[in-house]
Amino acid sequence: MADKRILIGKILVDKGVLTPEKLQECLLVQKGSGLKIGQMIIKKNYAEEKDVLEALALQNGLKFMPLLDFHDENKILLSLPPHFLKSNRLVPFHVKDDKIKVALDDVFNIQPLDDLRRLFPSYKIERVLSTGHEISRLLNSHFESAETASTEDIIEDLEESDFEILSTTASEITDLLDMANEAPIIRLVNTIIRQAVSERASDIHFEIFEKDIVVRFRIDGILYKMYTPPKKYQEAVISRVKIMANLNIAENRLPQDGRIQIKIGGKEIDIRVSAIPTHYGERLVLRLLNKSDIDFSLDSLGFSKAMLKKYDELINITHGIILVTGPTGSGKSTTLYSMLTRLNSKEVNILTVEDPIEYQIYGIGQMQIRPKIGLTFASGLRSILRQDPDIIMVGEIRDTETAQIAVQSALTGHRVFSTIHTNDAASGVTRLMDMGIEPFLITSSVNAFLAQRLVRKICPACMEPYKPDSKELLRAGIMKSSLKKGVLYKGKGCDKCLNTGYSGRIGIFELLPLPDEIKRLIMTREDAGKIKAQGIKEGMVLLLEDGISKVIDGITTLEEVMRVS
Numbered sequence: 024m025a026d027k028r029i030l031i032g033k034i035l036v037d038k039g040v041l042t043p044e045k046l047q048e049c050l051l052v053q054k055g056s057g058l059k060i061g062q063m064i065i066k067k068n069y070a071e072e073k074d075v076l077e078a079l080a081l082q083n084g085l086k087f088m089p090l091l092d093f094h095d096e097n098k099i100l101l102s103l104p105p106h107f108l109k110s111n112r113l114v115p116f117h118v119k120d121d122k123i124k125v126a127l128d129d130v131f132n133i134q135p136l137d138d139l140r141r142l143f144p145s146y147k148i149e150r151v152l153s154t155g156h157e158i159s160r161l162l163n164s165h166f167e168s169a170e171t172a173s174t175e176d177i178i179e180d181l182e183e184s185d186f187e188i189l190s191t192t193a194s195e196i197t198d199l200l201d202m203a204n205e206a207p208i209i210r211l212v213n214t215i216i217r218q219a220v221s222e223r224a225s226d227i228h229f230e231i232f233e234k235d236i237v238v239r240f241r242i243d244g245i246l247y248k249m250y251t252p253p254k255k256y257q258e259a260v261i262s263r264v265k266i267m268a269n270l271n272i273a274e275n276r277l278p279q280d281g282r283i284q285i286k287i288g289g290k291e292i293d294i295r296v297s298a299i300p301t302h303y304g305e306r307l308v309l310r311l312l313n314k315s316d317i318d319f320s321l322d323s324l325g326f327s328k329a330m331l332k333k334y335d336e337l338i339n340i341t342h343g344i345i346l347v348t349g350p351t352g353s354g355k356s357t358t359l360y361s362m363l364t365r366l367n368s369k370e371v372n373i374l375t376v377e378d379p380i381e382y383q384i385y386g387i388g389q390m391q392i393r394p395k396i397g398l399t400f401a402s403g404l405r406s407i408l409r410q411d412p413d414i415i416m417v418g419e420i421r422d423t424e425t426a427q428i429a430v431q432s433a434l435t436g437h438r439v440f441s442t443i444h445t446n447d448a449a450s451g452v453t454r455l456m457d458m459g460i461e462p463f464l465i466t467s468s469v470n471a472f473l474a475q476r477l478v479r480k481i482c483p484a485c486m487e488p489y490k491p492d493s494k495e496l497l498r499a500g501i502m503k504s505s506l507k508k509g510v511l512y513k514g515k516g517c518d519k520c521l522n523t524g525y526s527g528r529i530g531i532f533e534l535l536p537l538p539d540e541i542k543r544l545i546m547t548r549e550d551a552g553k554i555k556a557q558g559i560k561e562g563m564v565l566l567l568e569d570g571i572s573k574v575i576d577g578i579t580t581l582e583e584v585m586r587v588s
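The sequence shown lines up with residues 24 to 588 when you count with my numbering.
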């Protein structure tokens, strides 16, 4: 009997996720590739994994669950080998009475379900579909919490005689190296890193003071004090991290930079290590780049529908510069990567000049600058122009020479994306003028400035409504009539968000294209204030306004928007 199921491609086209032309391209490329059509669509970046899984669930009469709520009253998960679950990409996430709900990311992965039925014959197995990321998250969080000792436990296990305070003189380097490789110190450092990954930290700070060490995690842009290991372990802990990063443990007078690549629970983590000398010892900062969890999609950054449509039009103009502005840590690099991912295809040649290369993107040529040997942003940009690029990304415009080459590249038919440090979009114009770029070159080459900030999102697990008072609304310029059901939202605080009430971050944006009237103001060298005022007349949404719309929608809080705006 013929299979009457609706084809997955048709489902995605009907939902508007995929165009018929892109589906036809995927079907042609799929032949002989060994990939299923859904896998090919994801590989081509024409749809996200959740879209394909949702379509597969609909096709097969299953439920799709993007978030899994764990409940296992009979400890079924504990009784199963972790390698069995991880290799088969499945997790029993809800066990009650005689039913086991199992999440998979592959609808055709039937064999391990038969194994579960044999292991638990008195249970009914019900399968649902979820993303590989969500399945890994649940498995990793469960088994890590079950198997990993806490940092405090490891410190308590260290005996008083295990270590004594050492200085890093030449005669003692061997002793220090042995000490840093002792099992308890290795476990201590590994556990701190593992905990940071589990808590979604972007940075780990090892701060050295006169009488103690403080370990702080930066989570969602805010630093939290996590641990205070005893001072006597200072040299051993620092040396252990330096060994992992291939740094010179004998050198503690000069700054050093290194890199660690690790894998935790199937997640690839790239760690950039910075060591600097301070009065009481070397201070370390570890920047964690989680390659597995990053989502380079413009749709997920936080643009409103209207702004995303306009921005999409701007980045598809075949020549000209788009500059993303904002302070350090405002998400500019993620926006650049998302733009490149959006435009990445076999028809275009995309080249980048970066410092550092934070994420590798397949299909894009990425160059790391090395100022010590003369490879700067300017020289790198000049070189890649001889590589016939269609799209160029420069990590940051820091000087006049780089700015001039970027402008000339745009004028000769290239698309150029880069960042500069200014507080708002209009100030980007005056920053370029300060660098010596003539107004007529700015109006001829720049298509738009995009200012952005990152705000913390309300934790969905503990979100609750509240009625704001009139003073609070007045201070933010919010009309009470604009509220939905007369309420705003905040996070109460729970275990899932470290009792902060926030989980994750999202962008707020200010997009300034350059219509004729703004170009006229630039040509007459008007200040940023007048350019901003004209931008508002032309319909520009300010950072604060975009943030307040997200407050009203229950995405973030008023305090958070006011903090960063």
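These are calculated hints, taken from the structure and not from any lab test. Keep in mind that a hint or two might mislead.
Claimed, not checked - Each pair of labels, with its calculated beta carbon distance range: (1) Leu-337 to Thr-423: 24 to 32 Å; (2) Lys-86 to Ala-273: 23 to 31 Å; (3) Met-486 to Asp-318: 28 to 36 Å; (4) Met-486 to Gly-397: 19 to 27 Å; (5) Glu-561 to Thr-251: 51 to 59 Å; (6) Leu-331 to Pro-104: 42 to 50 Å; (7) Leu-331 to Ile-384: 45 to 53 Å; (8) Lys-98 to Arg-586: 19 to 27 Å; (9) Lys-560 to His-156: 24 to 32 Å; (10) Leu-331 to Gly-527: 12 to 20 Å; (11) Lys-86 to Ser-320: 39 to 47 Å.
To be verified - The calculated lysine to aspartate or glutamate pairs, modelled on EDC-like cross-linking and capped at a C-alpha distance of 20 Å, are: (12) Lys-555 to Asp-378; (13) Lys-33 to Glu-48; (14) Lys-314 to Glu-157; (15) Lys-67 to Asp-447; (16) Lys-290 to Asp-318; (17) Lys-503 to Asp-447.
Glycine included, each C-beta is placed from N, C-alpha and C at the ideal position.
Hint check:
no., hint, in the structure
1, Leu-337 to Thr-423: 24 to 32 Å, "holds (25 Å)"
2, Lys-86 to Ala-273: 23 to 31 Å, "violated (59 Å)"
3, Met-486 to Asp-318: 28 to 36 Å, "violated (21 Å)"
4, Met-486 to Gly-397: 19 to 27 Å, "violated (52 Å)"
5, Glu-561 to Thr-251: 51 to 59 Å, "holds (53 Å)"
6, Leu-331 to Pro-104: 42 to 50 Å, "holds (45 Å)"
7, Leu-331 to Ile-384: 45 to 53 Å, "violated (20 Å)"
8, Lys-98 to Arg-586: 19 to 27 Å, "violated (43 Å)"
9, Lys-560 to His-156: 24 to 32 Å, "violated (43 Å)"
10, Leu-331 to Gly-527: 12 to 20 Å, "holds (19 Å)"
11, Lys-86 to Ser-320: 39 to 47 Å, "violated (24 Å)"
12, Lys-555 to Asp-378, "violated (31 Å)"
13, Lys-33 to Glu-48, "holds (14 Å)"
14, Lys-314 to Glu-157, "holds (15 Å)"
15, Lys-67 to Asp-447, "violated (35 Å)"
16, Lys-290 to Asp-318, "holds (14 Å)"
17, Lys-503 to Asp-447, "violated (28 Å)"
Consistency note: the structure conflicts with the earlier hints numbered 2, 3, 4, 7, 8, 9, 11, 12, 15 and 17.
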